[in-house]
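Going down the list, the protein sequences come from chains A and B.
Residue numbering for the first sequence follows my numbering, beginning at 176 and increasing consecutively.
Residue numbering for the second sequence follows my numbering, beginning at 7 and increasing consecutively.
Take the hints with a grain of salt, since some may be wrong.
List time: in silico SDA-like cross-link candidates among lysine to any residue, alpha-carbon distance up to 20 Å [to be verified]:
#1 B:K8 with A:I241
#2 B:K10 with A:L255
#3 B:K8 with A:S406
#4 B:K8 with A:W257
Since the hints were made in silico from the structure, they are not lab data.
This one's a predicted model, so the numbers in the text were calculated from it and none came from an experiment.
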Amino acid sequence: MDINGRTVLVWHLFFQGSPSHKKSYQVQPLILRKDPYEEGELSVVLTLVDDLGKRVLDFFRHGVRIFLFFYLTTRQTLFLNWPSFKTILHVLVSQIYFTGVLALPLMTFIALAVGSIVVMQSNAQLSFFGSQEMMGNILVVTIVREVGPLLTALIVIARSGTAVASELGNMQVNREIEGLRMMGIEPLSYVVFPRIMGGIIGLMCLAFYFNTVALLGGFLVASFVSELTFSFYVEVISFALSTEDFFLNIFKNILGGIIIFSIACEEGLKVSSGPHEVPIATTNSVVSAIVTVMAFNLGLTGLMFARDFL
Amino acid sequence: MKRKMIRNLIFSDASFKDSSEGEGEFIFRGLNFEFTKSSPVILQGPALSGKRVLLKLLLGLFPLESGEYFINEESVGGMSFNEFDPYRLNMGFSFESGGHLNNRTLFENLTLPLLYHDMVSKQEVSSYVEEFLHHFGIMEFRHLRPAFVGVEVRKVVNLIRAFLLHPEVVVLDNPTEGTGVEYQEKLIELIEIHQKNRGLKYIVAVSDDERFIENIGGKVYLVHKSELVPDFRRGAL
């Protein structure tokens, strides 16, 4: 195989599958395929464009599947199993406790660290230019709009998304899901819905907590190393904060929660043949959730920019 | 949810295909069988003959590929999970193993279906479940999680779950395997109580336990090539 052939092989290995991917390592069809180099550079480019197109379409299909899964779960619970909601509520509260309350110590530490870094850096840079009044804008844009929702989502993926995926995977293996169905309990209502809803509520609360601790705690830490007054700090922040930031933050967290927990539940429920699939499902869920949440945040920020320019 | 009475259970020309992978293979093709109220139906047969699939078909967990599954002359073979629920609530199932919620205590495992389907009030649920636990003498384990009790106790909880809603149909998968004689006798007592006083009409079980079959007066069928062969002699096929 020549150099170009190898490039295409690497491309395929990288983009067509990881060991955890369902259609993993589609090497064989690639090797059987005619060497694109023999047909000229154009073929190589077309192959790459073709593969890229497939990847993009797959990603959109994946997105549609996530929201369809969320829709079916919500529909099943709110319309078909509404009389059993009292029992479901118990699981929902447990999920909020696990995702939200138990994550507070970790969240506090990370929010303090991020807040103080951003406050100290922006204060140092802006005082150099003598425009400290811009600090509010920088903090709101960095922490409230971007870093807050994204970092919270990443922490929740690492902490709760993995837990949910492995829990549901184990439930499949131990036939707990089957057991529920035998008792006439629809797993989408009793297992999936409270985890997704609890996850969304937990994520929203955590993101709000993160923003508050990062902004206030960041100031406390920064005040030790700079001459920043609290009244000035509050003034610039409240001036920079808008209703749009508030709604954008909520929107990002709700969508983030749907993405993280729908993926985790779906991957967990995919486990079918044994315990060895549980870690695979957990890894799949983490990778998929990180990529989707990142892409979603990037897309949303891009849209905001595009709107500002138009 | 209101459960529906079950007057008869019939498979008519029923076919079921295992399509979990690819095209799948037929496990049952043209199965005709009517479950009898007079004597419990005991299914036997080699591994992969379809005994457990038949139990699950009975509970409406899989849709049929073709043919009909009638309950009270109503075709239920193509019903969705929710549509079948009124019948399913009148059916109890006991796994051979597993099936408990591991993050719930044995007591919570047993109260879950009662509370979920709002069949017993929260005040009554304790005494309702404890009656069963007393019957088998496993009260002291009620606040433990499944992982902290032995296989035998887990199995008994599985059996209790099948009878919990006072169903008209009980489906048991190897009910006596892994349990001692004491629990086996308690099970037979429980079956008798439910047959006499609680409206239990149909018992369908997978079992090779001769003593159990004799005690409940079961009729043995061999699951063989999409047929339920009655009165077979071991090794004849």
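Quick rundown of the hints versus the structure:
1. B:K8 with A:I241: 33 Å, violated
2. B:K10 with A:L255: 18 Å, holds
3. B:K8 with A:S406: Given that 20 Å is the threshold and the Cα spacing comes to 63 Å, the pair is violated.
4. B:K8 with A:W257: 14 Å, holds
Taken one by one, the earlier hints fail for this structure at numbers 1, 3, listed in ascending order.
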